[in-house]
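Q: These are the residues of each chain, in order.
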Amino acid sequence: MSESKLINTFARERVDNLASQNGEPSWLKELRVSSWEAYLQTPMPTGRDEGWRKTEIDSLDLSTLNAIDLSTKNDLKAKLPDWFETALTFFDNHSGVVAEVGHSSISAKLSADLVSQGVIFCSIKQALHDHAELIRPYLSKIGSDQKFVLMNKALFNSGTFLYVPANVEIEGPFVSLTHFTSLNGAPNGVAIFPRLIAVLGKHSKASLVNVLSSEQGKESKSSSRSLANALVEVHVEAGAKFEYLELQKFDDNVFAITRTHNQVEQDAVIKSLTVAIGGSQLKGDIVTVLNAHGASSDLQGIVLGDTDEHYSFNTIQKHNAPNTTSNINFRVALKGNAQSIYQGIIEVAKVAQKTAAFQSNKNLLLGAEARADSIPKLEILADDVKCSHGATVGPVDREQIFYLMSRGLAAPEAEELIVTGFFRQILEACTIGRAKEWVYDVLAEKIHQV
Amino acid sequence: MTAKQPLLSVQNLHVKVEDKEILKGVDLNIYAGEVHAIMGRNGSGKSTLSYTLIGHPRYVVTEGKILFKGVDIVEMTPDQRARNGMALAFQYPVAIPGVSVSNFLRASVKAIRGKDVPVKEFRQELKAQMKKLGVADEFLGRYINDGFSGGEKKRIEILQLALLKPALAVLDETDSGLDIDALKIVSEGINNLSNPETAILLITHYQRILNYVEPQFVHVFQDGRIVKSGGGELSKELEARGYDWVLQELTSSAVS
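Line by line, the protein sequences give chains A and B. Per numbering that gives the first Met the number 0, the very first residue in the first sequence carries number 0; after that it's consecutive. Per numbering that gives the first Met the number 0, the very first residue in the second sequence carries number 0; after that it's consecutive.
Pulled out of the complex, with its shape left as it was, chain B reads as follows (with noise of 0.2 Å):
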């Protein structure tokens, strides 16, 4: 394709969960090389908008398309999507007693590169990413998010992604329940994932993660629709002015 095409390109995309509409028209396009932010409140359905991306067979597409990499990925399964290269990180990664993170890790490693890993190779390699994020080495032998704490967890998972090298990185609300200087250690690993192939999508309703990961887009999202896109300095106008001020802004420029 010699037209420059978008990695991600979300084209009215609705979503029910249990016969409840959440997601009522969603546009988006991310191209490789961007950050993008979504701001919302809670309940606005962003996190509906990541669970979907991914493919959790509860969120169910009712109308629109999901382009990755040019292909419709609304009949993929998760895996299938994981192995496109596209990846998410939780805001509430679940705990799975008895699977060990080491394990677990080099299994999802082999999935995602289509082969194993030299155990050396993968040893030195996951080192590396953990002394990054001040990962102690206890945590390969215990069990996946068993215990672990909120910022635990979030490290974890961006320890991930740190590995899989995902296209697009869809990050949940990972700044939620780390203190500052977690945050700090927890937006450098998100701005190792960022390079001119890859595109991250970042979530939340704070804008404390904003300074230190900057996004090129952010994007208000507001019942279950993007309802104001701008610039990066979109989102410390919403810090400052908070998002009642987009609504208004919309309703007002409604009537005129």
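Excised from the complex, chain A in its bound form (with noise of 0.2 Å):
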């Protein structure tokens, strides 16, 4: 075996080769092994743990895929995707951009005004390089005790580091893309591990856009599949406003697994839309901690599956303080034999008194077989508490389809009609620059192909 192949593979020398080829400091390697030592020895989940019940989590063959490395050179005119073109134009006002195509890594050009105030905003090896004392207690920050989690924070090799500063307010939304290819030629399936970081200093107010995707190989569909596992941390700090959009956008190759983890301090508010259009398996956790006095968050969330993709998105509301308040909105709908499984877990603590949380779940049923679940888990200790929970799955009203079509609509055009005005409703709570106008297309769009 030679020394390339033996450092592209899940090993500890894989480790140990990206801490000594970017140069990082020792105790960022420290970090790396530890999470290493922690990752060989947490078991493999199975289909059988609940997180990850109807993900084919066993089919996920680790010993054939091979680690690569996204953006190894700088290049500002490196080629965008072309629907990542057009969604740039629906952000106009953007504060910056950072993207990571394949091997290419185009960074944000700042604004005079925002470096003056010491906004950072650039890929995570930057920050590593150029930040280090600044991100390093970031990288610890969240524990965690996944296996995926574990395994990202063991080999991070890309993705994006936002900080602002202390009562900084920025308007324009900042824009990061994650974008590979998952079929590189080889045989085998390949393995990125993005992981992205935002703290919003105190008092401070920034969006932030983020694009996870790949496209398909130029090779036919290979059996074997490509692994994404992001990571996205969120801190954001007493009092301050953050508002996030992700869009998970993978080819039919990829099996992805991403974790969101935001943590809000005393009075603090987050506002997010996780939107997965695309991939073979995505498994989401999004976690929120409500961690002081006052700090809230608004969650919404797209799941628009077709073909034989499986979606299994978990959600964690989590109550650590009093006054705190959570309200999420998951919506999926599935066409052909899509698959989707949504698991929503409420958690207050004995001392969240006053909590308020709220979780609805709607699922729309396309085709014939697919098949969705939801499941809602409320572990209350508190005693003086409002939550509430809601969850529906079923087909596409029949009345609304008549209605539609005794004016004129065709029974498709009449589906598609509803199915995107089923997600408008969601959409209609992001207020990231056009943002909802691109996600309604990106839907439209996907509605449409079949």
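The set of hints was computed from the structure by calculation and includes no laboratory data. Predicted, not measured: the structure shown is a model, and the values here were computed from it. Ideal Cβ positions, reconstructed from N, Cα and C, are used throughout, including at glycine. Fair warning: there could be bad hints in the mix.
[To be verified] 27 Å max Cα-Cα, derived BS3-like pairs, lysine-lysine:
1. Lys435(A) x Lys64(B)
2. Lys109(B) x Lys445(A)
3. Lys270(A) x Lys140(A)
[What the hints assert, rightly or not] Listing some non-contacts, in silico: residues in chain A with all C-beta distances to chain B over 10 Å:
4. Asn21
5. Gly50
6. Lys108
7. Ala111
8. Ser387
9. Ile417
The two chains are supplied separately, each in an independent frame; assemble them into the complex guided by the hints.
A: Structure below.
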């Protein structure tokens, strides 16, 4: 076995190699190694584990994957995917774009004003190089015992860092793209480990659009899957306001495992929208910790599945302090044989009195073979709380279809209008640039495809 | 065709819903330029006729024909019928959250006219019709029928018909739930739909609306068929004497 082959597999050597090839400081290497050790000691989840139900995690053969390095060279002229260029037109007031497209990396051109205020928006590689001491505490602030989070923490080699200092308010959104090709001409699948860290200093305000995507390789669809293991950590410090939009748009070779952790401090507010519209298997955890008095979160989710795609999203609203508020609105529409399972957990600690936590999950089944499950779970230890949850699963209302048809719309057009309407209600909540129009177009395009 | 052909010709129409026969042999001819009213008690099958005409899948035609512009439309889907020039103003139009009135109207007008209408032109036309019907601009951004009052729903139904300009407009209990001012406005909207090329079929169980929309033909519906037809004066007689009068008359004429 050649050395290059060895370092591309999931092994301790890969961890050491990352540290040395990037000239990382020793504390970072130690962090990587300790995560790696913990990773080794954590059992691989199986489809029988509650959080992994309906995923085909057992079919993911890590030994066949080649870990690849994204953004090995800075290339401002790198070609962005056409659809991403289109996306950017909806964010014409953006504050900066960081893109990792295969081996190329495009760095953001921040205005002198933002730079002078101490705003940082760059690839995580650059952040580790230029702002090592600043990013350092955030690399280990949020602990985890999750196998794939530990894997990411040991092997992360791409991603983005956003740092907004205290009291800085920024209107235009930041935009981040991580894009790769799932088949690099190799017989085996590839693996990428993007990690995004966003830090919103006290009483700051900003928004971020994060796109995780891949395109079909040039060769025909291979049977082996690629892995995108993404970690997103958001720190919203006291009094800060953050709005986040994430789009997951992978090709049908990709098994994507994403974990988002939002840490929300006193009187801070996070608003987010996660949109998942493609991939072989998408397993996403969105954890929001309301950590201090007055923290609030409003999370929206959209899943639009088709063909044989599997979606498994778990949301966790964790109230650790009194007077905290959380809301989740998660909507799923499935065509073809697509499957989805949504698990929504509300946890209210004993001290978290006067908590208000709401959760809604609606599923539209469009394909005859489509399947959706919805599992709410409430663990409430405080006694003075307002909590509610609701779920629906069913086909499109036939009376709605009939009504639209009676006004001249053919059945597929009628269905398309109803489904986009179903999502539009969620999109209304998103106030980043013209994001809702962009997402609406992206959804309409996918609904239109078949 | 040289001989004058009815716009709508319903012949011996039998319809069942979930194995229960509701319409038991309806015959009705409507020519262009005419306004017809069908009156009858609740449960007499009036609404079944309107749903059957537009092609609701729950209503199954077991016998008879519906000729529209000379062609049997029984096998046609609702959208085909609509594009062919038929429209129904619903008694209880359904809400579709997330679909704005303006988006829906544009999609619908495009489908019916078979081509996209330039945005500016469409907005002008729309605003003019909205003004006539006293519909506020804010409705365009609202979701179809979502949280609308009964009267608002009826106005939006008539607004749609005004834009779609159907050859045959079927209005199912459009007067119910309207106060007198709204009734006048909606009636005027209905009258504006009428011209020598189009026809209107009003379904109602109150005579009230017929003070504002004057039909040339009135039909009394009972137990799934038309039991009596007459001119506009019949509705006033019904109002004065009640539906029982028709039934008694029928029984006595059967005896003699």
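Q: Now tell me, hint by hint, if it's right for this structure.
A: Hints, verified against the model:
1. Proximity of Lys435(A) to Lys64(B) is assessed by CA-CA distance (about 48 Å); at most 27 Å being required, the pair is judged violated.
2. At most 27 Å may separate the alpha-carbon atoms for a hinted pair to count; Lys109(B) and Lys445(A) meet this at roughly 22 Å.
3. Restraint check: the Cα-Cα separation between Lys270(A) and Lys140(A) comes to about 21 Å, which is no more than 27 Å; the hinted pair holds.
4. With 10 Å as the threshold on Cβ separation, the claim that Asn21(A) sits away from chain B holds: the shortest Cβ distance comes to roughly 47 Å.
5. Every CB of chain B lies more than 10 Å from the CB of Gly50(A), the least distance being 30 Å, so the non-interface label holds.
6. For Lys108(A), the shortest C-beta to C-beta distance to chain B comes to about 36 Å, beyond the 10 Å cut-off, and the non-interface label holds.
7. For Ala111(A), the condition that its CB be more than 10 Å from all CB atoms of chain B holds, with the nearest at approximately 40 Å.
8. Annotated as non-interface, Ser387(A) keeps its C-beta farther than 10 Å from every C-beta of chain B; the closest such distance is 19 Å.
9. Annotated as non-interface, Ile417(A) brings its C-beta within 10 Å of a C-beta of chain B; the closest such distance is 6 Å.
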